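Peer 1: Sequence:
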Amino acid sequence: MPVYEVRELQHQLKVYADGRYVAAVQQGNFRPYVHPVITPRGHVVTQIAPADHLHHLGVWFAHEIVDGVDFWAPESRYGRTTQPEPCSRMVVTSTDTDIGPDGVVFCQAVDWRDGQGETRLTDSRVITVGERPDHTMVDMVVTLNAGSSGVCLGQTKEAGLAVRVADQIDVLDGGRIVNADGAVNEAQTFDQVSAWVDYAGPISRTETAGVAVFPHPGNEGIPWFTRDYGPVYVSPFRHASIDLVSGEAYTVGARFVAHDGSCEEAGIAGIYERFLAEMYV
0 MPVYEVRELQ
10 HQLKVYADGR
20 YVAAVQQGNF
30 RPYVHPVITP
40 RGHVVTQIAP
50 ADHLHHLGVW
60 FAHEIVDGVD
70 FWAPESRYGR
80 TTQPEPCSRM
90 VVTSTDTDIG
100 PDGVVFCQAV
110 DWRDGQGETR
120 LTDSRVITVG
130 ERPDHTMVDM
140 VVTLNAGSSG
150 VCLGQTKEAG
160 LAVRVADQID
170 VLDGGRIVNA
180 DGAVNEAQTF
190 DQVSAWVDYA
200 GPISRTETAG
210 VAVFPHPGNE
220 GIPWFTRDYG
230 PVYVSPFRHA
240 SIDLVSGEAY
250 TVGARFVAHD
260 GSCEEAGIAG
270 IYERFLAEMY
280 V
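Counting from 0, one number per residue, gives the positions in the sequence shown under numbering that gives the first Met the number 0.
Hints listed in this document are in silico derivations from the structure and should not be mistaken for laboratory results.
What you are looking at is a predicted structure, and each value in this text was computed from that prediction instead of being measured.
Nothing false has been slipped in among the hints.
Here are the simulated distance ranges between beta carbons:
{"hint": "1", "residue 1": "Q191", "residue 2": "D97", "range": "31 to 41 Å"}
{"hint": "2", "residue 1": "G149", "residue 2": "G181", "range": "38 to 48 Å"}
{"hint": "3", "residue 1": "G67", "residue 2": "G173", "range": "38 to 48 Å"}
{"hint": "4", "residue 1": "E247", "residue 2": "G41", "range": "37 to 47 Å"}
No residue lacks a Cβ here, since even glycine has one placed at the ideal position from N, Cα and C.
Please model the entire structure based on the sequences and the hints provided.
Peer 2: Laid out in structure tokens, this is it:
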């Protein structure tokens, strides 16, 4: 097993395995996220703030309609007004870091604050970063906690656990989406139920890399959000709203597997079976 180290730089918690940079947990202007995520061969397979969707930030969790407040793309309102309203923000209020033989575990508390600074929702999240011989793992579990007044998480496609892949590996630039059932690209995988989804493409002139997404037990059976231009979401909010009463909690979790090679070359089906064995120990 590699020896792990965490180096703090401004708003970044950078994870190293045997001295090799593998990922960073960050606090952005509007929300926390994980970027970069780096494969064993050193390829960055995530991207942040692409021109088409500035709110797409590596690996992240957010929601567009939290009691009517947008925590998904608050910067869109901010950037389009001459006198912008204060924006909603997701703010990390505490982080506990545990470095172990299998990786680094970050336990964070996050406040979801509207433009007036009122906390509409809190979450407790566990982010695990680890290196394996055949992939880099980022595991994210977010537990949403309702306050004294409860909260409505509205029905929307703009919500969930998400990844935006590096531009050069998206379908528009020669990449490929494939799910566990062999369906390919947005046309066949969007809104379909499948055990996992992989997104891989030409990361350089000679190499291929990508990201697979494995929903945690309890989040399986959710229709996938996949797009040829780069995002993949695990979102239980696309087809129904979720109301939480005071003190109630709701958890969403997924593992993101950054790998070298295509889905088949990386052996994603086998990695998924190992993931299931780990989850059901």
